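Could you build the full structure based on these sequences and the hints that come with them?
So the chains spell out like this:
There are 2 protein chains.
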Amino acid sequence: MPKILRINTRTKEYNFEDVGPYVNLGGRALTSRVINKEVPADCHPLSAENKLIFATGILGGSTAANSGRLSVGTKSPLTGGIKESNSGGLFAHKMPKMDLLAIILEDKPADEAPFSTLFISDNKVEFRDASDIVGMDNYPAHDKLLAEYGDKMIAGLIGPAGETVRKTATIQFTDPYKRPARSAGRGGTGAVMGSKKIKAIILDSAVNNKVEPADAETFKTARKTWVDILTGHPVTGQGLPGFGTAILVNLVNEAGAMPGKNFRLGQIDHAADISGEKIAENIEARSGKVKEGCHTGCVIQCSQQYNDANGEYLTSGFEYETIWAFGANAMIKDIDQIARLDRICDEKGMDTIEIGNAIAIAMDGGIIPWGDGEAAIELVSKVGSGDPMGMILGNGVDFAGGAFGVDRLPTVKGQSMPAYDPRAVKGVGVTYATTAMGADHTAGYAVAQNILKVGGDVDGLKKEGNIELSKNLQIATAAIDSMGFCLFVAFAVLDAENGVQAMADLVAAYTGKPFSTDDLINLGINCMKDEQLFNERAGFTKYDDKLPRFFETDKLPPHNVVWDIDEDELQGAKV
Amino acid sequence: MPKILRINTRTKEYNFEDVGPYVNLGGRALTSRVINKEVPADCHPLSAENKLIFATGILGGSTAANSGRLSVGTKSPLTGGIKESNSGGLFAHKMPKMDLLAIILEDKPADEAPFSTLFISDNKVEFRDASDIVGMDNYPAHDKLLAEYGDKMIAGLIGPAGETVRKTATIQFTDPYKRPARSAGRGGTGAVMGSKKIKAIILDSAVNNKVEPADAETFKTARKTWVDILTGHPVTGQGLPGFGTAILVNLVNEAGAMPGKNFRLGQIDHAADISGEKIAENIEARSGKVKEGCHTGCVIQCSQQYNDANGEYLTSGFEYETIWAFGANAMIKDIDQIARLDRICDEKGMDTIEIGNAIAIAMDGGIIPWGDGEAAIELVSKVGSGDPMGMILGNGVDFAGGAFGVDRLPTVKGQSMPAYDPRAVKGVGVTYATTAMGADHTAGYAVAQNILKVGGDVDGLKKEGNIELSKNLQIATAAIDSMGFCLFVAFAVLDAENGVQAMADLVAAYTGKPFSTDDLINLGINCMKDEQLFNERAGFTKYDDKLPRFFETDKLPPHNVVWDIDEDELQGAKV
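So the protein sequences, as listed, match chains A and B. Residues 1 to 575 (the working numbering) make up the first sequence, in order. Residues 1 to 575 (the working numbering) make up the second sequence, in order.
A couple of the hints might just be wrong.
Put simply, identical chains are the same to the list, so a pair is met inside one copy or across any two.
Within a straight-line C-alpha distance of at most 27 Å, the following computed DSS-like cross-link-like pairs (lysine-lysine) qualify [stated by the list, open to error]:
1. 555 <-> 12
2. 555 <-> 37
3. 3 <-> 210
4. 542 <-> 529
5. 542 <-> 37
6. 463 <-> 574
7. 97 <-> 3
8. 574 <-> 542
9. 542 <-> 3
The hints are simulated quantities; they were obtained by calculation from the structure and are not laboratory data. If you're wondering where the values come from, they're calculated on a predicted model, not measured in any experiment.
This is the structure we're talking about:
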């Protein structure tokens, strides 16, 4: 039975505990329960009272396709509310092989304490001197760790942004290609790790216990059904593997739902220059890789390796939302500049959505010209240094707005919106407004029904049906995040009659405990309840479940739509 | 009958309106009613939907002693909640002489629009080119305005901090000595004026209508009684005129309630160096002035003129809270450095409490050394320029904490605490926590009963009695602010049996309408209700009526007290 490893970062004591009250939970349901139960809702996110939780999903460590995602939970320095930040990489799949369900970092050392590397081995934790990698960017630091701990080492680490407790700081995780290219991206989880003076967490490659399903035969059958569902669907079987998530650039732009110039436009003229098709063309010409998985057992393979014009590795995990933030919202037209910005964000350890949007705010405030990629690169490179401009940008959109005197701030609960304009994709707008996470597309991705017409057809330009749609997606997503699945399985699940049943069957066979589709739905509902309760005690009300007023007053071209769902209606999307 | 002057800062249209629904209101009760009724609670404070209201008190323009204070109301850029910022100066007393009860600035021009000076004359408003004073500090800009508009001109203006919409920006007002030394200090009112592109408001000296009480004879008698009450009390008749508010340095320090080193200490060793006695000594030696009034009709005269070592004017309105913020909380021991910091704050137009505390945060974050006055002067001087460090500091404590990675932030609702530690002056702690204004001593000054033992004796170290005390003081203060009185009249009123009756008599005689002591109390209660309602719609809950957690966990020496009043108990202080 996997344990919960609690580590006190001040006293350096640790304990491998039975799961106790957290039995039957995993992933996001687990991190959110721990936070709701153990973290004072009114504590400062960077104070000793906050905790940082890494949890594998209920199916973590299994061979079920696409079940190796990691949940990182904390009270967010960005939003002041609860946060689950979901990441690919090898960390989550490895944890059960070390008999770990979750790792909880508690307390914090004095401000002047040095950073440590946590080396987690078989029933043992060591705090090791991190001075040789402190201040280093993520790729070189990760290379140094690989050299020291061996090629099979799996790490989670923070870059200079995390060390300097920026509100956009990520935790980066080792991917299957020995790169720290996967991020727990949103909400500043890296700042919490930085406040606890942990530069990196290393999972000992020498510990590699065998993980078996409780009911191996049934699991095998369920697993086969599951793979068929994923590989048989046009989005997860063809679209995403072919062009990655950047396939959305043209699709969302054509739908008139692509926010441009700090959410002033619904379409941009230069979509072709930054599209998935363009990226695929460059990858081909420069000997990159079109398909990569972000974690063990991924059959979707939506990631890729993007090389520079000289054929040298530049970045990977080059997502639509990143491309949109820099390319459309900040109007940078050169895909190679955007790729460099993506790499810098991975190096410093920063959320590309929040940083791309903060760059748009800098442009809106006249700090640098619209679309100036080189100026953006210069600004973004300052984060993590002692430069006050880096302190500002590294804290995201609301903070940059306060510094630069910009009042057009596309944020909810302090987190900025991703790549879908809520006026034209109203289902996602409902999700932005009501999820406990702040503006987060992944919490209820109604783009599927609003634009892609997967899993249903609900008009994104109209209010009707979108509240119910978002609510159901939010519940399903919370369950998906708790089982450890990649969110993209939802595309296939929504269109397959036996999709939800297949997931439930996998859980039942893996754990050896009955698990119905009702149990699956309740897993999601209870997870959301934990999150809503925590936020309520942190001071959030229905007035925080709103979009900024300019969405109600400014019409979005080309459909000339506004946001027209008020706070009382929006409460219908909550559990 | 005085009018309400509404000015649209975008269209440059204006209208002198009847008071309509705002009849019988004045000062804070008026500004808070207008905001609650007319400003969308969820608008961005710097957006076109916010308004900026200047209101004279119900007794404004009268000869009642100490009734010439001004209320400036808005949705605060600092707190995100409602704000009344109260100022001395000549502006409020002048308004009724121009038949003005209130001036409301609405809407805002485009970001690239130039700044204007508003010239308000007899039933006329002109938008004049302000380019000759844009970017200038307040004293030189005010001198230029005096040269242009004549010696009797009365102005309200913003400095570079307001022009650059810093969250600490004040509006400075002409005092009786032709200096822009009086501030609507707290909550960033100057940023709202800056967002509306108004550099200065000039009240035409040529308009000077006679203002008469409705019942002149009764008013004369009431006025005499009132003056006797004020001049007869030891605090308002002797203490404040003798040493100014800085007399509190030694008193609060001896009580163990003076927050030192970012609220780590309750007493400082160098109190004598920055005390009211020391200031009085310097003033005498340097030919300054010990007594000055901040507005027409002041009989308390708690202000002074503080000169530098060469006998040159340095600053005035040199308050205890300013001296404390820089001198105790940031540990700067040189009173002349503190006076220079006060002057720089008046020049740039910044709240001395918020800036002093932000300097303490910079010291706590290792940006400059503790107590380093010259380094503080250098940092503070950057505000209002394009320097990113100035952008940070100029936005106050929470913002500086976010930039410098400091989680020990003594703020409530985003506004930092003044010079009284809530653990040792619990009545003020209740006020900090529960007033709609954010941490604000003036909203319910229980220092009177907790330390000075004026108007009662309630132990500041214990919870008992302090919730009720703060509530009653908050109601009384809201009424005092609405009548236009200086808060310091409360010292005398609380100890005089006929104090409240005397205020009510003045209002009745001045307005010619019945006004009982019950009416006075209801004036305060209704004002607080407006404020609480607005904040509720702006998303505030009982979880925002709290002190930061470190006050509950860290004991304050020398009494080793903690904050021990929870959010449910605190609701007892609300109306």
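Evaluation of the provided hints:
no.	hint	result
1	555 <-> 12	between (55 Å within a copy, 25 Å between copies)
2	555 <-> 37	between (43 Å within a copy, 26 Å between copies)
3	3 <-> 210	within (15 Å within a copy, 82 Å between copies)
4	542 <-> 529	both (15 Å within a copy, 20 Å between copies)
5	542 <-> 37	both (22 Å within a copy, 20 Å between copies)
6	463 <-> 574	within (16 Å within a copy, 38 Å between copies)
7	97 <-> 3	within (11 Å within a copy, 77 Å between copies)
8	574 <-> 542	both (10 Å within a copy, 21 Å between copies)
9	542 <-> 3	neither (37 Å within a copy, 38 Å between copies)
Consistency note: the structure conflicts with earlier hint 9 alone.
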